[in-house]
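First to last, the sequence lines map onto chains F and B. Here the first sequence is numbered in UniProt numbering, starting from 1 and rising by one per residue. Here the second sequence is numbered in UniProt numbering, starting from 1 and rising by one per residue.
Treat the hints as calculated values from the structure; they're not laboratory data. Just so you know, not all the hints are guaranteed correct.
With beta-carbon atoms standing in for the labels, derived distance ranges [claimed, not checked]:
#1 F:Pro282 with B:Asp127: 45 to 55 Å
#2 F:Pro61 with B:Pro83: 45 to 55 Å
#3 B:Gly124 with F:Arg233: 20 to 30 Å
#4 F:Ala256 with B:Asp65: 31 to 41 Å
#5 B:Asn153 with F:Asp56: 37 to 47 Å
#6 B:Thr132 with F:Ser272: 54 to 64 Å
#7 B:Arg67 with F:Ala13: 24 to 34 Å
#8 F:Ala132 with B:Gly66: 52 to 62 Å
#9 F:Gly306 with B:Thr31: 23 to 33 Å
In silico negatives: residues of chain B with every beta carbon more than 12 Å from chain F [as the list claims (entries may be wrong)]:
#10 Gly7
#11 Ala9
#12 Ser19
#13 Ala59
#14 Asp65
#15 His82
#16 Cys96
#17 Arg116
#18 His121
#19 Thr134
#20 Met142
#21 Arg148
#22 Asn153
Keep in mind it's a predicted model, so treat the numbers as computed, not measured. All residues carry an ideal CB built from backbone N, CA and C; glycine is no exception.
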Amino acid sequence: MTPFGYSRAQDVADAVRRGGEAGTMYLGGGTNLVDLMRETIERPTMLVDVTGLSRDITETPDGGLRIGAAARNTALAEDRRVRTRYPVLTRAIVAGASAQIRNMATVGGNLLQRTRCGYFYDDDGSRCNKRAPGQGCDAIEGFNRNHAILGASSACVAVHPSDMCVALAALDAVVHLESSAGPRVLRFTDFHRLPGDHPQIETMLQPGELITAIELPPLPFARRSTYRKVRDRSSYAFALVSVAAAIEIENGRVGAVRIALGGVAHKPWRASKAEAALRGQPANAASFAAAAEAELADARPLKDNGFKIALAKRAIVAVLETLA
Amino acid sequence: MAITINGDAVSVPDDPRVSLLDLLREDLRLTGTKKGCNQGACGACTVLVDGERILSCLALAVQYDGRAITTIEGLGAAGALHPLQQAFIEHDGFQCGYCTPGQICSAVAMVAEARRGVPSHVTGDLDAGAITLTHDELRERMSGNLCRCGAHNGIMAAIAETFAEAAE
Ligand SMILES: Cc1cc2nc3c(=O)[nH]c(=O)nc-3n(C[C@H](O)[C@H](O)[C@H](O)COP(=O)(O)OP(=O)(O)OC[C@H]3O[C@@H](n4cnc5c(N)ncnc54)[C@H](O)[C@@H]3O)c2cc1C
Ligand code: FES
Ligand code: FES
């Protein structure tokens, strides 16, 4: 690790003031940042610890929940309101990492965890446009079994590794941000970016901007929601493909529906085409399969990851059948 | 500035780069806690912070100022073994022993999580309250601790026996 200073933010204003300095990064649980600093992929000169900021999970006036960015992943997963009103979120969190890591990881840090692409991590031996913009991407022609099938670019085919974020994308969450310019709010699905020509810019965060909270809208039908993760071993592994879904069924037909996919793109992938194909249709296997086809119609396989297309379709159908 | 480690106040390292794991092993010579991967992938470095299990390899020591850490040395000692340590011996819960301190610290906190009702990936009813530690629950909840020697069956048996009231 290159040398750095450390301080604890006293409050949001203090964090934002310090976070705006060049070379400064915020520190959550450290489960991703400490690893990346050890690999010298991240080289901050100053860390501002934001784990002392709000971790409260509170009711919003409209019947949703507001989650302080410093809430630990375990605390969010075990919250009774989350378990009952947004089971997809609890299920996504406990499908990720290990209990030890979930006890450390914060909600803010989870959003900003970086890709697990092996070429991104291989500082000495590989080219990566995220690490060294303009250098090229060794994953495109390389071993790319774990890489993107949707929304990739000729500059980057990495995927976003988070499970929790897939649930948040499905749940229409919003992200509360704060900077020296004041507070602002972004829709969760607008928070992460597709790689395009600048894969090193992964989110819409401005330099020094702080995530203060995530807000979940009321979404009553999300009581009927779940998460399914397909991976190489049954625990403690990143997703090959994952599906978060919530569905409302009225008289055998699909009413409101939310679907998001993990492991397939540079960002948590909201499956809007599948949702559109489902609304008003009979809640049966044929409709579910048609919706999955619609979403994956744009999928572009790489050399090693063509299997993900069929896997994603089947996972979508399986999850909807569980919920129906 | 101090971290409490197994009951003793220890000053926080001057260099913020020092991980909690290196503070324990290199500075304090508490070598029970092991360094397997140093990147969060094996669980050998598991310790308890105010009773919660974490990975000391990914923890910057400076972040734990004011917190109370328990390592394997704080759970039991030769002649005064923790019941789970005794059970590991009786059930052949290890071969080389490298993962063992992490397994034991992890299991102690895992049982507290289950009693509190923290769901796991294999929990069926998310609204059921305290969790019964079935074989599947135990394996899933301990999946953050790898054992290269493959002593998992003995590990599971030792945990199930020690915490029988929480297990099936
Ligand atoms: C072995 C291993 C396996 C894992 N498996 C999974 C898995 O299967 N599924 C999964 O989803 N995740 C997995 N993870 C990743 C884990 O979920 C993330 O590392 C974790 O969520 C990051 O949270 P943190 O608080 O530790 O972030 P940190 O490491 O502290 O920070 C990460 C980033 O977020 C920034 N940051 C933190 N808080 C804020 C804030 N409030 N505002 C702005 N920026 C902020 C930091 O500057 C940094 O860039 C795994 C991790 C490991 C080590
Ligand atoms: S040494 Fe910490 S998880 Fe492997
Ligand atoms: S006993 Fe050798 S690694 Fe577990």
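If you check the beta carbons of F:Pro61 and B:Pro83, does the distance land in 45 to 55 Å? holds, 50 Å
B:Ala9 and chain F, when compared Cβ to Cβ, separated by more than 12 Å: Non-interface label stands for B:Ala9: nearest chain F Cβ at 19 Å, farther than 12 Å.
Would the non-interface assignment of B:Cys96 survive a Cβ cutoff of 12 Å against chain F? The claim stands: B:Cys96 keeps its Cβ more than 12 Å from every Cβ of chain F (closest is about 20 Å).
Hey, does B:Arg148 actually stay past 12 Å from chain F on C-beta? About 14 Å separates B:Arg148 from the closest Cβ of chain F, which puts it past 12 Å; holds.
Beyond 12 Å from every chain F Cβ: check whether that's true for B:Ser19. B:Ser19 not clear of chain F: closest Cβ-Cβ about 7 Å, inside 12 Å.
Consistency of the no-contact label for B:His121, given chain F and a CB cut of 12 Å: violated, 5 Å
I want to verify a distance hint. Is the separation of the beta carbons of F:Pro282 and B:Asp127 within 45 to 55 Å? violated, 30 Å
Distance rule for B:Ala59, whose beta carbon must clear each one in chain F by more than 12 Å: Not fine: 6 Å to the nearest Cβ puts B:Ala59 too close to chain F.
Would you check whether the claim that B:Arg116 is not at the interface survives, using Cβ distances to chain F and the 12 Å cut-off? violated, 7 Å
Does the hinted range 52 to 62 Å hold for F:Ala132 and B:Gly66 at CB? violated, 39 Å
Test the statement that B:Asn153 is away from the interface with chain F: the closest C-beta pair must be farther apart than 12 Å. With a cut-off of 12 Å, B:Asn153 remains clear of chain F, as the shortest Cβ separation is near 16 Å.
Quick check: does the Cβ-Cβ distance between B:Arg67 and F:Ala13 fall within 24 to 34 Å? Given range 24 to 34 Å: holds, Cβ gap about 25 Å.
Checked against the numbered hints above, the structure violates hints 1, 4, 6, 8, 9, 12, 13, 14, 17, 18 and 20; every other hint is satisfied.
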